[in-house]
Amino acid sequence: MSDAPLLSVRDLTKHYTTTRGGLFSRETNRIRAVDGVSFDIHPGEALGLVGESGCGKSTTASSVLRLTEPTAGDVIFNGGGRGGAGRNDDGTHPNDVTRFDRNELKAFRRDAQLIFQDPASSFDPRLSVGASIAELPLVHGMTDAERRRAIVEDLLERVGLSADEYDRYPHEFSGGEKQRLALARALVLNPDLLVADEPVSALDVSVQADILRLIDDLRAEFGLSVLFISHDISVVREVCDRTAVMYLGEIVEVGPTEAVFETPQHPYTEALLSAVPTLDPRSSGDHIRLTGSVPSPADPPSGCRFHTRCHRVIQPDGIDLDQSVWRRVLDFRERVVAGEIDSASVRERVRVGEASPGPPAGRSERAAADDTEVGGPDTDDAARVRAAYDLPATFRDPDVDRAVADAVAALLSGDDARAAETLAEAFTTPCADHAPEFTTHSDGHRAACLRHRPDLPGGMGVFDAE
Amino acid sequence: MSTDTDPNAEADAPRFDRVDWEAYAGGRTGRVSTTTKLFALTVAPIVALAGYDRVAAGERETVFDAFAAATDLPLQAFGLDFAVTAVDYAFAATLLLFVWYLVVPLFQHPRIASHYWRRFKRNRPALVSLAWLFVVFGGGLLGPLVLNAPEQNILAGHQPPVGLTVAEANVPQCVGEVADGRCGGTWEYPLGTTRGGVGVFTGVVYGMTISMKIAFITTTIVAGIGITVGTVSAYAGGWVDEVAMRAVDIVLSFPTLLFFLLVLYVYGAGLGMFIVVFSLFGWGGTARYVRSKALSVSEEEFVKAGRLSGASTRRVVRRHVVPNTASSIITQLTLLIPGFLLAEAQLAFLGLGDSSIASWGQLIAAGRSDLAFAPWIVLAPGIVLFLTILAFNFLGDALLDAVDPEATTEAER
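So the protein lines, in turn, are chains A and B. Every letter in the first sequence is one number past the one before it in this note's numbering, and letter 194, counting from 1, is 194. To convert, take the position in the second sequence, counting from 1, and add 466; that gives this note's numbering.
No lab work stands behind these hints, which were simulated from the structure alone. Misleading hints may appear alongside valid ones.
Examples of chain B residues toward chain A, derived with CB under 10 Å [unchecked claim]:
hint	residue
1	Phe482
2	Asp483
3	Val485
4	Ala489
5	Lys587
6	Arg648
7	Glu708
8	Phe768
9	Arg781
10	Arg785
11	His786
Just the calculated beta-carbon pair ranges, DEER-fashion [as the list claims (entries may be wrong)]:
hint	chain 1	residue 1	chain 2	residue 2	range
12	B	Ser499	A	Glu104	27 to 33 Å
13	A	Asp101	B	Gly703	42 to 48 Å
14	A	Thr28	B	Gly805	56 to 62 Å
15	A	Asp101	B	Pro511	44 to 50 Å
Built from N, CA and C at the ideal position, the CB exists for glycine as well.
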């Protein structure tokens, strides 16, 4: 086998436009489900694609297979005897799946197949499973029914079922058996590429291991390449040679599975990894908690898309706070600017605070907080507001403290706009202004995080500098 | 990956990884299925007979008489001596359609059929309903071959059913025994007779034929149009969807009864006209159901799997989408049939029906003036009509539960 990748995805983009409103008040909304994703899969390789639900993993899979038409980008597939072709003069590629015509697409269906997530609905309840699987050879021209049956029966045995299960119906199988059947259906045309979209997430843990082992065995036996999509890092770790981590429609880190999971170079990967429960009692302390909610793909954050939740978000020149405090300040700023926190909600929180016994003290620098308590009702309210939104009662940095105090005062006096303006001016992060580019860390291990760029303030080139 | 294309090796052990798919590519797969061939084969004689009827048979001659005269076949001996109408041809063709595309597939797939049967059996009222509908179906199909067509016999008018008596004054001539001035029923007329002396039992049996004709032909037309419009609408989307659904709105809001009255005054209203008018304006609800069901089914993963197999949209729709909308189609149709039967009976009762046919409605209409002393004329066909409509409703419910795959997964969860 040559060095050319079997599948080469370049800048794959899938935007959904939703239109709301009637004839005269149209409001179009662009959901950037997948936004410029690139990766390669080499022959015989298993690439894992991990990320939270809703980050565009499944859309990537169906765009690669052209179950949904991608908005832009190339999907170059060199399997099925298509290898060795170069780009045309106009920059298009003869093996670009997104440009395949009907016949080419039908031929492509023989070479790339998919396993679905939900075993319950992936088989037609009105056809025997054998008939469902044998439909593929029939569609591709094998009219000899006995031959089809023989092939499917042989395949059923290979995936750990018995040949006489050909005539049974989907409702007679368990979830794990259905996933074996799904594997048989995906394999029956002898594809080069298998896309597995969360193939085990609907199964019991004990069954998961069986199915994963089966996928691994079949991959070794038939030289399959696998694109393995999962939100479960431990599953990907088990089967994949390389792993790509996706966040909000973009790949943020890609590399050999070992490297990505042992020395994660992107804070999001770190956070994902720390969310995996471990048996190691020592590791339980440094659990990374992602704050904030997943931003909407309709309106992704500027710069680095992860900066609204990143626990390592860069501090600008002149600000030197504890990293967790900085994160909370940014969260506060984000919510005030977005209008989630306004004078009405602040007053509500203050009233609740008054009802509870005694003003709660800030988290750090408690002594200073005690001093401010006696300052009168205004300072009292301000302290309550800070406590309600997880901010310390005072900051060491006087500039920061003044900005926060001004904003809180503005909120208390009902001037939402001024509060938002004050915070937006005082607290900026380079992460919001610069889109990170990929930096290479070791062989094939790349991540897109601004902290790896030494030319930026706060960037340090080396990730674990702290 | 093995690219072994040695035909002998392949023949020994058919394995998926030893198939040279390039060799198969481009082969025609859209071949006509055996079922379709058999259907065409069996429906051909009916079409031929209909053509013969039109071309060769005379005005006042039944097609069987003409055919027997031309070929010297003793057709009358088989009971084939009645006049064949267009409705009869349609009925025969529809029956074949049901046999080849509903009954035969059930026998071909005994496993799923027995699964459906097991689930269907749980519903006792539905079992009884099915038995009753079999009686109606069998009576309607075979009755006319066994029993003579209902005939007027003024002298035998108003005979009471077996076991009942009627005052002799109400009977022109008592066929049975007269005791205490009351006329008793006889087995010659098990359900009594009408004023004209027509046996009510014979009338009810002949009415079964009419009802079965209405049920089968309207079902076929409504299902045909409804499924086509519904799936095309769901799959084509855009302006096709828009146009189709507006057509459905029109059909649903169309005053079918008034239109039928208009047709009746202009052309006269035979059974055929009734069936055509009512089924042409009866598919709206079915199309809407099928469309919504097809939309939800097309989101299922097995439909995506069908597309991924490389099959054409047409194939995916026919093989996967339409069969999986069956549960909603069946309910819809089993609820429609009683509507048609009732409509026919109501029109007949009002004297707006086809007076040349012996439908239940005609029988009820014939007895309404004698209700005071001869209630059996109205009651016998009325009860049969009531039971049949009830049976269709029970059957629809049970079929939905038995055939709906959603119910399967929910029950087993």
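Check: Can you name, in rising order, the numbers of the hints this structure does not satisfy?
Finding: 5, 6, 7, 13 and 14
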